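Novice: Please work from the sequences and hints to get the whole structure.
Protein chains: 2
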Amino acid sequence: MSKEIGITVKKNENFSEWYTQVVIKAELADYAPVKGLIVLRPYGYSIWESLKDSLDEKLKSTGHQNGFLPVLIPESLLSKESEHFAGFNPEVFWVTHAGDSEIGDRLALRPTSETLAYSMYSKWIKSWRDLPLKINFWNTALRAEIKSTKPFLRTSEFLWQEGHTVHATKEEAEKEVMSILEIYKKTVEEELAIPVITGKKTDKEKFVGAVYTTTMEAIMPDGKALQMGTSHFLGQNFSKPFEIKFLDKENIENFAWQTSWGVSWRLIGALIMVHGDDKGLVLPPRVSPIQIVIVPIYYSESDKEHIIKKSKEIEQILSKKKIRVHIDIRDEFTPGYKFHDWEMKGVPLRIEIGPKDLAKGKIVLVRRDNQKKTDLSFENVENGIDSMLNEIQQNLFERAKSFLVEKTQVISDFEKFKSAIEDGLFLNSPWCGDQKCEEKIKEITGADIRVIPFNNKKSSEPCISCKKPSKENVIFARGY
Amino acid sequence: MSKEIGITVKKNENFSEWYTQVVIKAELADYAPVKGLIVLRPYGYSIWESLKDSLDEKLKSTGHQNGFLPVLIPESLLSKESEHFAGFNPEVFWVTHAGDSEIGDRLALRPTSETLAYSMYSKWIKSWRDLPLKINFWNTALRAEIKSTKPFLRTSEFLWQEGHTVHATKEEAEKEVMSILEIYKKTVEEELAIPVITGKKTDKEKFVGAVYTTTMEAIMPDGKALQMGTSHFLGQNFSKPFEIKFLDKENIENFAWQTSWGVSWRLIGALIMVHGDDKGLVLPPRVSPIQIVIVPIYYSESDKEHIIKKSKEIEQILSKKKIRVHIDIRDEFTPGYKFHDWEMKGVPLRIEIGPKDLAKGKIVLVRRDNQKKTDLSFENVENGIDSMLNEIQQNLFERAKSFLVEKTQVISDFEKFKSAIEDGLFLNSPWCGDQKCEEKIKEITGADIRVIPFNNKKSSEPCISCKKPSKENVIFARGY
Numbered sequence: 001m002s003k004e005i006g007i008t009v010k011k012n013e014n015f016s017e018w019y020t021q022v023v024i025k026a027e028l029a030d031y032a033p034v035k036g037l038i039v040l041r042p043y044g045y046s047i048w049e050s051l052k053d054s055l056d057e058k059l060k061s062t063g064h065q066n067g068f069l070p071v072l073i074p075e076s077l078l079s080k081e082s083e084h085f086a087g088f089n090p091e092v093f094w095v096t097h098a099g100d101s102e103i104g105d106r107l108a109l110r111p112t113s114e115t116l117a118y119s120m121y122s123k124w125i126k127s128w129r130d131l132p133l134k135i136n137f138w139n140t141a142l143r144a145e146i147k148s149t150k151p152f153l154r155t156s157e158f159l160w161q162e163g164h165t166v167h168a169t170k171e172e173a174e175k176e177v178m179s180i181l182e183i184y185k186k187t188v189e190e191e192l193a194i195p196v197i198t199g200k201k202t203d204k205e206k207f208v209g210a211v212y213t214t215t216m217e218a219i220m221p222d223g224k225a226l227q228m229g230t231s232h233f234l235g236q237n238f239s240k241p242f243e244i245k246f247l248d249k250e251n252i253e254n255f256a257w258q259t260s261w262g263v264s265w266r267l268i269g270a271l272i273m274v275h276g277d278d279k280g281l282v283l284p285p286r287v288s289p290i291q292i293v294i295v296p297i298y299y300s301e302s303d304k305e306h307i308i309k310k311s312k313e314i315e316q317i318l319s320k321k322k323i324r325v326h327i328d329i330r331d332e333f334t335p336g337y338k339f340h341d342w343e344m345k346g347v348p349l350r351i352e353i354g355p356k357d358l359a360k361g362k363i364v365l366v367r368r369d370n371q372k373k374t375d376l377s378f379e380n381v382e383n384g385i386d387s388m389l390n391e392i393q394q395n396l397f398e399r400a401k402s403f404l405v406e407k408t409q410v411i412s413d414f415e416k417f418k419s420a421i422e423d424g425l426f427l428n429s430p431w432c433g434d435q436k437c438e439e440k441i442k443e444i445t446g447a448d449i450r451v452i453p454f455n456n457k458k459s460s461e462p463c464i465s466c467k468k469p470s471k472e473n474v475i476f477a478r479g480y
Numbered sequence: 001m002s003k004e005i006g007i008t009v010k011k012n013e014n015f016s017e018w019y020t021q022v023v024i025k026a027e028l029a030d031y032a033p034v035k036g037l038i039v040l041r042p043y044g045y046s047i048w049e050s051l052k053d054s055l056d057e058k059l060k061s062t063g064h065q066n067g068f069l070p071v072l073i074p075e076s077l078l079s080k081e082s083e084h085f086a087g088f089n090p091e092v093f094w095v096t097h098a099g100d101s102e103i104g105d106r107l108a109l110r111p112t113s114e115t116l117a118y119s120m121y122s123k124w125i126k127s128w129r130d131l132p133l134k135i136n137f138w139n140t141a142l143r144a145e146i147k148s149t150k151p152f153l154r155t156s157e158f159l160w161q162e163g164h165t166v167h168a169t170k171e172e173a174e175k176e177v178m179s180i181l182e183i184y185k186k187t188v189e190e191e192l193a194i195p196v197i198t199g200k201k202t203d204k205e206k207f208v209g210a211v212y213t214t215t216m217e218a219i220m221p222d223g224k225a226l227q228m229g230t231s232h233f234l235g236q237n238f239s240k241p242f243e244i245k246f247l248d249k250e251n252i253e254n255f256a257w258q259t260s261w262g263v264s265w266r267l268i269g270a271l272i273m274v275h276g277d278d279k280g281l282v283l284p285p286r287v288s289p290i291q292i293v294i295v296p297i298y299y300s301e302s303d304k305e306h307i308i309k310k311s312k313e314i315e316q317i318l319s320k321k322k323i324r325v326h327i328d329i330r331d332e333f334t335p336g337y338k339f340h341d342w343e344m345k346g347v348p349l350r351i352e353i354g355p356k357d358l359a360k361g362k363i364v365l366v367r368r369d370n371q372k373k374t375d376l377s378f379e380n381v382e383n384g385i386d387s388m389l390n391e392i393q394q395n396l397f398e399r400a401k402s403f404l405v406e407k408t409q410v411i412s413d414f415e416k417f418k419s420a421i422e423d424g425l426f427l428n429s430p431w432c433g434d435q436k437c438e439e440k441i442k443e444i445t446g447a448d449i450r451v452i453p454f455n456n457k458k459s460s461e462p463c464i465s466c467k468k469p470s471k472e473n474v475i476f477a478r479g480y
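Each protein sequence line maps, in turn, to chains A and B. Numbered by our numbering, the letters in the first sequence go through residues 1 to 480 in order. Numbered by our numbering, the letters in the second sequence go through residues 1 to 480 in order.
Treat the hints as calculated values from the structure; they're not laboratory data. Source: prediction; values computed, not measured. There could be a bad hint or two in this list.
To be verified - Below, simulated BS3-like cross-link-like pairs (lysine-lysine); rule was C-alpha separation at most 30 Å, straight line:
| id | chain 1 | residue 1 | chain 2 | residue 2 |
| --- | --- | --- | --- | --- |
| 1 | A | 80 | B | 150 |
| 2 | B | 249 | A | 58 |
| 3 | A | 279 | B | 126 |
| 4 | A | 321 | B | 25 |
| 5 | A | 309 | B | 58 |
| 6 | B | 60 | A | 60 |
| 7 | A | 25 | B | 123 |
| 8 | A | 249 | B | 304 |
| 9 | A | 134 | B | 52 |
| 10 | A | 175 | B | 312 |
| 11 | A | 35 | B | 240 |
| 12 | B | 134 | A | 35 |
| 13 | B | 60 | A | 312 |
| 14 | B | 320 | A | 60 |
| 15 | A | 186 | B | 322 |
| 16 | A | 279 | B | 123 |
| 17 | B | 440 | A | 52 |
| 18 | A | 25 | B | 58 |
| 19 | A | 126 | B | 304 |
| 20 | B | 126 | A | 338 |
| 21 | B | 185 | B | 58 |
| 22 | B | 279 | A | 123 |
| 23 | B | 320 | B | 52 |
| 24 | A | 35 | B | 245 |
| 25 | B | 312 | A | 134 |
| 26 | B | 407 | A | 123 |
| 27 | B | 249 | A | 25 |
| 28 | A | 25 | A | 372 |
| 29 | B | 320 | A | 320 |
| 30 | A | 52 | B | 320 |
| 31 | A | 126 | B | 25 |
| 32 | B | 440 | A | 123 |
| 33 | A | 170 | A | 185 |
| 34 | B | 245 | A | 249 |
| 35 | B | 467 | B | 440 |
| 36 | A | 312 | B | 134 |
| 37 | A | 322 | B | 321 |
| 38 | B | 321 | A | 245 |
| 39 | B | 25 | A | 58 |
| 40 | A | 206 | A | 442 |
Specialist: Written out as structure tokens, the structure reads:
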């Protein structure tokens, strides 16, 4: 395989260029003609579909339903909750014309749908009978990016889901916020094999318009944090301006309590960064479009016939077990080329079958995550493969988990803090709770408070910055 | 149930008002704050999900894959195929600003994605190895509507899928066009229980930019035709301006052959119109969000306990069979109210169970399509329900099919033609093939040529308009 076709830089030497090459060469995505926008190719979209199906099932089984909202929101509506509007205004795309006609109230392309959804909810909700209302929307959001495009991580339009729920009580709404964060964590850890730290955002970092924001954060190989999803408690901040009111069982009118939450395709960005290696993508089996690739190896026509026949038998057996399997019978490429090609595309497990294997009644399994080769006899194909896929999934998670643990350090001294941030670490450090300290640390080190972890131990050490008594330990890191 | 909650007009007295009431009161959709746009509520979106799942499965099993395209297309790209651009230009929404900054090349909101998709395809396709390329996109299209909003039928943004394929030969591309039309027909007839007539569009009615368009057309209760989906042969009309070229096995460069095709949520509009009645929606079981509603009937607390217990047993049995079942245990409504409510929402089958039924060891089944009541003993619940759901599905299709047959008449005389169009018929009439006659007929009667059916018998009668020898019989009707 020529250098130009494979990945030409090492992950730990030029991480940014490595990332771009993996995205393009593994055919996950490509740049659209407009700056800031990308196109998802089938291989990339299939990962999104797996993730979507898995999350969608969990949301439906907990009483959520899907709906559809249009992409256009009138400016007058978007500006109804002023803090929210101020937060999004600088990055809104504006539609001013339809055909040759100018539009009166200009139309925003949805940066997020709170305002539109809640103007509808206020019409639909009249009584306690209408609650809870738990609707999720699979769509895209549009926020103009000025900085250079980075597929899945920095784009002006991105695939996501946004959930918007309404409840009769504060308690029920807060329970929903946590229950969604748990669903997110489970999805990311079990499907994408990426461990996350969950907790609250600081007031500075919360969603504009929320009472508070809960988040899950993951560490990337360069030590930077990536926000993997957020679940917001909106309190009555939107129900009041949007007049979402209901009559309770005593016939008394109340403002409702709300939540909103979302994850986006940046999860695919995390997947690429966390598991990939110098050869390209490494995909966890549960979201891999192809879980097993079979590469038949032969040097004569007579071998070819027998080996392809056996390969197809194996494909049949695995397909019946709902394993996503693909045979690569392209005659124009050598087995070696095919090995590299599927390694670059991150297929978790390769089956090789050549004349000698056939004679011995076995196949060779090659794992993508650790390159290990194992022989498996034909009889054991039906039952031996599932467990190996599970092992790969588990190994990827454990590896990422060890990395997170190793890179998260408890530090209480600011000098050590500064050099540790340069080294790309997550710092578990004491903080007084004052936004001024938060801002000062950001200014000096470039690190944000990513998350105030749930159940983090209260530290006896003083605030890392001002030395006043600390309120709690929080996780500092530079972020994406 | 009060008149205001139910449908207050009869379907055959005020069809348009009836339609709107059904959409709003059955909670399928609602009007968004911007004219021309609608929101889908969960009940309506669930129908779209069923339809989508069914079609998606068929497309994937025939080698299509899904992808994602951004909604923004630069004007310079949209205008690359001039005929295509001229067709869509008047209804394009234009983005001119991002935040406070003006955008240089203004951006169109996707009216359809040929231009964007093909600019990408030209980068991806180099050799015969890259063909065929068969990608489908589930997204929305935006086309500004000036006329009054009609949910699912006339909206400025609509949910749809658009498929875009590229082939090495003309023959293969034309085969794809037909194969997709067959998949569409199968989906609409089997899932939505709506019979269609398939064939070609005339040159006047074809997609702007296509060599020819194939279509499926259905008759609505008012005798108007609704275009249910189209599949276009694009020839090399786009591959030439967009330079989609490939090297064949002899290393010779060729322009590729293309198709595009789509169906939209207007299929839900058809569903409402074709099957609905004075009580509201009537949903075919295969796409109904709830296939069976169980209404327990009781007048004392002791009855209540036993009846709800039995109802839940039945729910369990049906759920295990993957039947979408719902028990209505709302205490605040009477059984009579519940019957009307679920009838309005079109649930195909109702199970009633009261104290006398319980004593006799049976339930009562009430069909939505024909109001027929049947008793079913507890032992037969497990096996007796499936077949009834199939019967309902079949009956809805047969009823719609009879209507189509009855309302399609062979007419060769223009005076009869004019009055038949007023009566709301599909007319199978001879046509010379001249666009001038097509336009003249449209001007006088308001009827278009909806479709040139495949294998329609050549008529010995002269053209209905000019009396010259006819080329073929075609279907005339007024359209939506």
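Novice: Look at each hint and say if it fits the structure.
Specialist: Hints, verified against the model:
{"no.": "1", "hint": "A/80 <-> B/150", "result": "holds, 27 Å"}
{"no.": "2", "hint": "B/249 <-> A/58", "result": "violated, 48 Å"}
{"no.": "3", "hint": "A/279 <-> B/126", "result": "holds, 24 Å"}
{"no.": "4", "hint": "A/321 <-> B/25", "result": "violated, 45 Å"}
{"no.": "5", "hint": "A/309 <-> B/58", "result": "holds, 27 Å"}
{"no.": "6", "hint": "B/60 <-> A/60", "result": "holds, 24 Å"}
{"no.": "7", "hint": "A/25 <-> B/123", "result": "holds, 13 Å"}
{"no.": "8", "hint": "A/249 <-> B/304", "result": "holds, 22 Å"}
{"no.": "9", "hint": "A/134 <-> B/52", "result": "holds, 22 Å"}
{"no.": "10", "hint": "A/175 <-> B/312", "result": "holds, 27 Å"}
{"no.": "11", "hint": "A/35 <-> B/240", "result": "holds, 25 Å"}
{"no.": "12", "hint": "B/134 <-> A/35", "result": "holds, 26 Å"}
{"no.": "13", "hint": "B/60 <-> A/312", "result": "holds, 20 Å"}
{"no.": "14", "hint": "B/320 <-> A/60", "result": "holds, 17 Å"}
{"no.": "15", "hint": "A/186 <-> B/322", "result": "holds, 26 Å"}
{"no.": "16", "hint": "A/279 <-> B/123", "result": "holds, 24 Å"}
{"no.": "17", "hint": "B/440 <-> A/52", "result": "violated, 51 Å"}
{"no.": "18", "hint": "A/25 <-> B/58", "result": "holds, 29 Å"}
{"no.": "19", "hint": "A/126 <-> B/304", "result": "holds, 28 Å"}
{"no.": "20", "hint": "B/126 <-> A/338", "result": "holds, 19 Å"}
{"no.": "21", "hint": "B/185 <-> B/58", "result": "holds, 12 Å"}
{"no.": "22", "hint": "B/279 <-> A/123", "result": "holds, 24 Å"}
{"no.": "23", "hint": "B/320 <-> B/52", "result": "holds, 23 Å"}
{"no.": "24", "hint": "A/35 <-> B/245", "result": "holds, 25 Å"}
{"no.": "25", "hint": "B/312 <-> A/134", "result": "holds, 24 Å"}
{"no.": "26", "hint": "B/407 <-> A/123", "result": "violated, 41 Å"}
{"no.": "27", "hint": "B/249 <-> A/25", "result": "holds, 24 Å"}
{"no.": "28", "hint": "A/25 <-> A/372", "result": "holds, 24 Å"}
{"no.": "29", "hint": "B/320 <-> A/320", "result": "holds, 22 Å"}
{"no.": "30", "hint": "A/52 <-> B/320", "result": "holds, 24 Å"}
{"no.": "31", "hint": "A/126 <-> B/25", "result": "holds, 15 Å"}
{"no.": "32", "hint": "B/440 <-> A/123", "result": "violated, 47 Å"}
{"no.": "33", "hint": "A/170 <-> A/185", "result": "holds, 23 Å"}
{"no.": "34", "hint": "B/245 <-> A/249", "result": "violated, 68 Å"}
{"no.": "35", "hint": "B/467 <-> B/440", "result": "holds, 13 Å"}
{"no.": "36", "hint": "A/312 <-> B/134", "result": "holds, 24 Å"}
{"no.": "37", "hint": "A/322 <-> B/321", "result": "holds, 21 Å"}
{"no.": "38", "hint": "B/321 <-> A/245", "result": "violated, 40 Å"}
{"no.": "39", "hint": "B/25 <-> A/58", "result": "holds, 29 Å"}
{"no.": "40", "hint": "A/206 <-> A/442", "result": "holds, 16 Å"}
Comparing the model with each numbered hint stated earlier shows that hints 2, 4, 17, 26, 32, 34 and 38 do not hold.
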